[in-house]
Structure formats: C-alpha cells, structure tokens
Amino acid sequence: MKRADISRLVKDNIIIIALALPVILLTMTASGFMTVSNIKNIFIQISLYGIVAFAMTISIIGGEFDLSVSSLLGVVTILFTDIAKRVNVPVAILVCVSAGIVVGLINGFMVSKLKINAFVATLAMMLMLKGFALTYTNGRPINFPNPALNAFGNGDFLGMPNITLFFLGAFLITWYVLRNTKFGRNVYAAGGNLVVAKMVGINVDFYKTMLFVILGFATSVAGVLMAMRLSSGNTLFGGDLTMSVVAGVVIGGTSLSGGRGSAVKTFWGMLFIGVLFNGLQRLAVQANWQDVIKGSILIVVVSVDAILAQKIPLSQITTGRKRKEQISALPRDV
Amino acid sequence: MQEHILSMRGITKAFGSTVALDNVDLNVRAGEIHALLGENGAGKSTLMKILNGVYAADKGEILINGVPTVFRNIREAMAGGISFVFQELNLVLSLSTLENAFLGRLKSDSRGIIDWKSMTAEFNGFMKSIDFEMDPGRLVSELSIAEKQMVEIARALMLDSKIIVMDEPTATLSSEEIHKLFNIIRILKNKGITIIYISHRLEEIFQICDRLTVLRDGKNICTLDVAETTKPYLIEQMVGRSMDYEFPEREAHPIGEPVLDVKNLFTPGFLQGINFTLYRGEILGIAGLVGSGRSEIARAVFGADKIEKGDFWVDGKKVSIRSTMNAKALSIGLVPEDRKDEGSSIELSVMKNITITNLDKVSRGIVLNRRKEVREAKRMVQELGVKTPSIHHRLDQLSGGNQQKVVLAKWLYNDADILILDEPTRGIDVGAKYEIYLLIYEMVKRGKSVIMISSELPEIFALSDRIMVMYEGCLQTCVENHEGLKPEDIMGFALG
Chain A
-8 MKRADISRLV
2 KDNIIIIALA
12 LPVILLTMTA
22 SGFMTVSNIK
32 NIFIQISLYG
42 IVAFAMTISI
52 IGGEFDLSVS
62 SLLGVVTILF
72 TDIAKRVNVP
82 VAILVCVSAG
92 IVVGLINGFM
102 VSKLKINAFV
112 ATLAMMLMLK
122 GFALTYTNGR
132 PINFPNPALN
142 AFGNGDFLGM
152 PNITLFFLGA
162 FLITWYVLRN
172 TKFGRNVYAA
182 GGNLVVAKMV
192 GINVDFYKTM
202 LFVILGFATS
212 VAGVLMAMRL
222 SSGNTLFGGD
232 LTMSVVAGVV
242 IGGTSLSGGR
252 GSAVKTFWGM
262 LFIGVLFNGL
272 QRLAVQANWQ
282 DVIKGSILIV
292 VVSVDAILAQ
302 KIPLSQITTG
312 RKRKEQISAL
322 PRDV
Chain B
15 MQEHILSMRG
25 ITKAFGSTVA
35 LDNVDLNVRA
45 GEIHALLGEN
55 GAGKSTLMKI
65 LNGVYAADKG
75 EILINGVPTV
85 FRNIREAMAG
95 GISFVFQELN
105 LVLSLSTLEN
115 AFLGRLKSDS
125 RGIIDWKSMT
135 AEFNGFMKSI
145 DFEMDPGRLV
155 SELSIAEKQM
165 VEIARALMLD
175 SKIIVMDEPT
185 ATLSSEEIHK
195 LFNIIRILKN
205 KGITIIYISH
215 RLEEIFQICD
225 RLTVLRDGKN
235 ICTLDVAETT
245 KPYLIEQMVG
255 RSMDYEFPER
265 EAHPIGEPVL
275 DVKNLFTPGF
285 LQGINFTLYR
295 GEILGIAGLV
305 GSGRSEIARA
315 VFGADKIEKG
325 DFWVDGKKVS
335 IRSTMNAKAL
345 SIGLVPEDRK
355 DEGSSIELSV
365 MKNITITNLD
375 KVSRGIVLNR
385 RKEVREAKRM
395 VQELGVKTPS
405 IHHRLDQLSG
415 GNQQKVVLAK
425 WLYNDADILI
435 LDEPTRGIDV
445 GAKYEIYLLI
455 YEMVKRGKSV
465 IMISSELPEI
475 FALSDRIMVM
485 YEGCLQTCVE
495 NHEGLKPEDI
505 MGFALG
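The listed protein sequences derive, respectively, from chains A and B.
Read in order, the letters of the first sequence correspond to residues -8 to 325 in the numbering used here.
Read in order, the letters of the second sequence correspond to residues 15 to 510 in the numbering used here.
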C-alpha cells in the first residue's frame, strides 16, 4: 500500500479514528461507559439535535448556513405546549410544522430572491424569533404535563428510544435523498459551484429555498419531540443547537465551503459529539471546562482533516464509489 | 556558444507511477525569447513549476548564469530575478488595479504607511512605457479578462526581473491586445530581458520567438531556431504524428429552416439592437474583439444575463427566455467562455458533470437510476472520445481539451438543438482542437445548429457557414463565408 493510499484511508475515516480514541479511553477510565444503558443514553442525547444536524448537512452541502434554528427550536416548543394545552395535540403539531416551514420559506426567500447573505439573513431571523418567543411567554416556561405525550417522548419501541428512531429515520432519509435523488445531486451541484449550476439550467433559487425549508421542517419536528419529552416549552431550549449541530457536521467531515459531505459523515460526527458530552459528564468535568474542551477538540479534528487533505496528491483524488474499473482506487463518495 | 542564462539539466519528476518529466533539458540564452511548446500534459507547466519551486525535481539541476540554484518557492524565484505570468489569474478581485500590481511589495514609509503617490507614479510611468492605458484605481473585479491579464503581466514586469516566464499570456487577449503585448515583449527584449514563452498558438511563436524547445509526453523532442522551422513540422513534433491540416476538411451539410430568430436585442449598457437568424444545420461564427459583445449575445440568448428588451423565436414560435431554465427547456445549450468557473464543476466527476444537464433522463420519478447514469455517461465519453481513467474521476484530473469535451458532452447528452460555443478551443492543444472541430461538424450533420464565438479568425473562417462581426455592442455585418472572403475584411468590421 502506498503512502498516499494510507493517508487517504486515514483521511476518509478520520472521524471513526477520532471517535475510537475517546471511546477506548472512556471505556478504560469511566466505569459504566460501555454499558447498554449508557450507549442508549448517548443516542438519546444526540437524537433531537441530530435530526436538525442532518438537515443542516443538506444545507451546508448546498452552500448555505442557518443560524436561526436555535431560536426556532425554542419557539416550536412554546407553540406546541401552548396550543396543545389550549386546543389539542394534532392542531399543535400542524401549527408547529407549518411555522417551521414558513420560517424556512422566509429565510429561503431572503437568501435566494433578496440575495441577502445567509449568515446575516438567518441571524436576523434568529433575533426576531427569540424576541417573538420572549414576548409570547414573558420569558416564562409553559408547562403542559400530559402523560400520553410524555410517555411517547420518553418511550421505547422494540428497545429503541422513540426519539432515536426519528434520528435514524432522518439519517436514512437524508442519506437516500443526497445519494440517490435528483434533488440531492442538484444540491451538491449548487453548493459546489453555483455559477455552473445556473449555467446548466438548474433552478438554483428553488434549491436554495428548499434547503431552508428542510431545516425549518426538521427543527419543528425536533422541537415538537422535545416539548413532548420535557412536557414544557421554553425560550431557552435549543440555545446551543446551532453550534452543536454545526460542530457535528464539520467534525464529521462535511466541507463548510459546500459541495462535499454526506449524511454518514454527520452520523459519525454527531456520535462523536454525543460520546464527548457523555464522557465529560461521566468524568465529572466542570461544565465551564467542558465547553473549553469541546472547542479545543473541534479545532484539533478539523485541522487534522485539513492537514491530511493537503498531503494527498491531486492525482489520487477521484469521486464516486469504489469500483473495480477505477485505476487509482480508494475514492469516497456520498 | 552563447552563454546560457538558464540551464535546466536532466530534470526528472514523477508523480506516483506517472513520469511527468523524463530527463528534460532546457537551455535558454540570455536576452532571447524562448518558446516552450507541447500539447497539454506534455510537461511544460510541470517544468516551470520545478523552476519556481512549487515542485522539487526528483533528479537534475538548475543553473542560473552557470550557478546551481534551487528555489524553494515562488518568492525566492522572484527574488532571484525570475517572475511568472500564469495562465490562471492570481489576482485579488476586491482590490484595485494598483494594489494588485504591487501585491506583496506595497511601498511604504518607515512607519509602515503606504506610499500611494510613488506607487501610482511608478505604475503610470510603467504603463506609459509600454503604451497601455489603465486606471490604477479601478477594482480588478470590474476589469475584463484581458485587462486582468494585463495587470498580471504588469505585476511581473515591474519586478525588474531578468527572466520572465509567460504561460499562455495571450489565451484570453483579443488580437489588438496581443499586438500590444508583443510590442511590450519586444521592448523588454531590447532591455536585455530573457523571456520563456509558453503558447499553443504557433503563429505567435513565429512572430516573436527566437528559439524553441518542444516537449512531448515529458520528454525532450527538439530545440530549434524558429527561423529554421515550419509550422507543419512543429505540429508534427508536438503531436508525434504528421498532421496535414490544422482544420478538418469542410464537408457540405444541408442547411434548413430558421431555428432561432433574435430580434432587436438590447442588454443594459451593452448590446444595441441585435438582429440575427440561425438556421438548422448551420455553423454561425461570431467574430469581434474581446468586449465587443460576442459573449453577451451568447449569454442573453441562453438567459444567463438580464436583457432590456428583445424577442426570440425558436422554430418559428415566439418564446420568452428569461432564465437559463427557459433556454434549456427550449433545447438551447451554452458552452461558456470560462470553462473553469462557469462551464464545469471541476470537483464533480466526469459522469456527474455530464448528466447534470438532464437528470430526468436517468431517473425514475425523483430517484436516480445510477446504473443508467453510468451507462449514459460512458456512452457520451465514448462518443466524444474523452480521455479519462474512468467516468468517476474528478474533472480537474483531465487535460483542458478533455475537460472541454465533457462540457460539450453535457449538452449533447441533453440533446440540445441549438449549441452556443463561446471560445470552444481556448487553451487547448492542437490535437484536441482538431477533435473538437470534428465534433462540431458531427453535430451540424445531425441537424443541430451551432453558434461559435472565437477570437481565432482562422477557426471562424475554417468552420463557419456565415460570419457575424460585432463591434461595441453592435452587429456590424453578417456575411456568407465564401472563398473570396478575406480575414482583413472581417478585421476591418471588427475594428469599427
């Protein structure tokens, strides 16, 4: 095996290597880490944010970014609990999902039609949603203890937590859409080179808008589940959503410059984040220090990735899945 | 024997198992203009990248004025008196012309405050000395490709280098600008500066170069005095086989009814009422200087730019073209001027670049049929003779000519009836050009219609059925291409 092949292999699987390290360390040092209940726990911890992370993966591959999801999640939990309390649950779900889609449409409109930079547009949206949520609730949480909903939010199905099933569902759908549909292909094309996408007659405005709509939808689903789980709606919910989700996507290896990445990468990235959170809690690291450590690890993983990327000669790079006919092997695809 | 200012001896460089350069020598005499020739992939660029330290040679040595020298990077090379004008523009678009010209060596006083006055004076003085006009305050992003190239050239020239390497400096220039550039090169030569000149355009070699070295497949083929050789001989040396003609022989192809009618086309601040008709099976050449509005016609007809007013008829029906989606639906395809940034996604694979124009063809509902996609892509690659290790290789792994074939392939795959080709052979080598010409003929024989924009008049003359000439946003003339037509006539219109 040539050196370049090895570094390629390392690069493509860096996230798994990065994940293996804390797993091994924690198995040795933290008692009770490698137990079924704890692993289940880790998945529960990442499930709701993970749903948003897959939508964020699509949007980052498509070359866009959304800061407003953190506020939207809080708004959705509030809307859900309040409406479920006053009207009924189906209406609450309908309103929440519609709200998510409408927010996505507005974000998409600002970015694709008004040509506002996504960072600025969604920052504005984040502020507006936060303000709306605070006005709506006066900053107080809304509680709605409903046994049936709570049981669903915390329940299991065939040994799997319900919310983790949603997480896995989001993973599979995202994976399939990105890999096997026209929509997915055009998202890669638009994110990789917007001008080229335009010049081959792809409706880029539609795709840009859809990126935000998908994010709005995914966030509303995560918000509804969170409200069920916690029997409460709170402006504060989801405060660290954007950062955790983007960290998961980037650590997984999806490129922030667009056009490259996959759902599988994000799956591993979120799992890494989950193991890290869990491990730091188990090792009883002080909360404030946890953030410092998370930040440092984000830098380390991303820079190792960047360094390895430079080491691989261009002649080794192919796209597409590994196939027999390929001369220089070891490609990696979506 | 004359003194060699630069001597590269026995240079060998391999990338993995591919040998890019095999024991190559390049000896350049002081004060000469030395051409470096070869097809894409012959090793010219690799050799220059070894000279400036981007790559390290596996074997061999570099002597400058007889002294063994190794530059570790381009800064050291520049400090050592060698500067480079590359094919890809290395400019900061958001800075001014002046700032770009002095990039990396801005003048300042002892406190670190930039000395705009003396830089402006030096820039203007330099521009005057080469008889070129340019506003130092304009943003580079506002300049045309040709003007950008001039900034790049000015930057290299103002460094006071002893040796200047120019990699295809004329690829994006109009003939008037090329003329100016050649004057500049001659002024430099008179100042005793040595120039290494890389170009695909053989006429240019005969116009300004003294000697030349031909590379083929990473090997030295010959080093000659330009005066001693001929164009056909050089082509044979470069391609490795005898090529009697630069262009395929014209074949009669039937020309049918009008397929595209453009009436009274205006674009904001550019096109001034353009009217023309394209017929089925026709090759309509558009000549004119860079910036005369040729590409603007292409972009307007393809819906890529906003138009002020204008009507389009396709197959006799009045249509509205307001976006590239409209144009694609009307079976129009555009191969843009800028292959790298607009024509193709270099990060995507060959296959994905081809099928991108019409995923419906390889999908059932919203789901891609990957097997069918592979089959279709392979068919196109085979049909167009694209040389690629596999259809899954990234596009930037291919030579320029093959990349361009992929860009063509995606519109053929979409079965576009009207193909607009903007500079279809820019920056690609003789052999690949010939193949592209054959493809263009093949298309019209199948009843497609082609609009071909080119800065190379011989190309326009060799292929077009009719020739349109643009000047400052206006259509000057549209003539049948017949035996008696002379390039001078066309140039006359192109110059206003």
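Since the hints were derived computationally from the structure, they do not count as laboratory data.
One or more of the hints may lead you astray.
Claimed, not checked - Here's a subset of chain A near chain B, in silico, CB distances under 7 Å, partners left out:
#	residue
1	Lys173
2	Asn184
3	Val186
4	Val187
5	Met190
6	Gly192
7	Asn194
Just so it is clear, CB atoms sit at the ideal spot from N, CA and C, and this is done for glycine as well.
To see whether the hints hold, each was checked on the structure:
Nearest Cβ of chain B to the Cβ of Lys173 of chain A: about 4 Å, under the 7 Å cut. The hint holds. Look at Asn184 of chain A: its Cβ gets to within about 5 Å of chain B, closer than 7 Å, so that hint holds up. Taking 7 Å as the C-beta cut-off, the interface hint given for Val186 of chain A holds, the closest approach to chain B being about 5 Å. The interface hint given for Val187 of chain A is met, as the beta carbon of that residue sits about 5 Å from the closest beta carbon of chain B, less than 7 Å.
Using the Cβ-Cβ criterion of 7 Å, the hint placing Met190 of chain A at the interface with chain B is satisfied: the shortest such distance is roughly 5 Å. For the restraint placing Gly192 of chain A at the interface with chain B, the shortest Cβ-Cβ distance is roughly 3 Å, inside the 7 Å limit, so the hint holds. Taking 7 Å as the C-beta contact cut-off toward chain B, the hint placing Asn194 of chain A at the interface holds, the least distance being around 6 Å.
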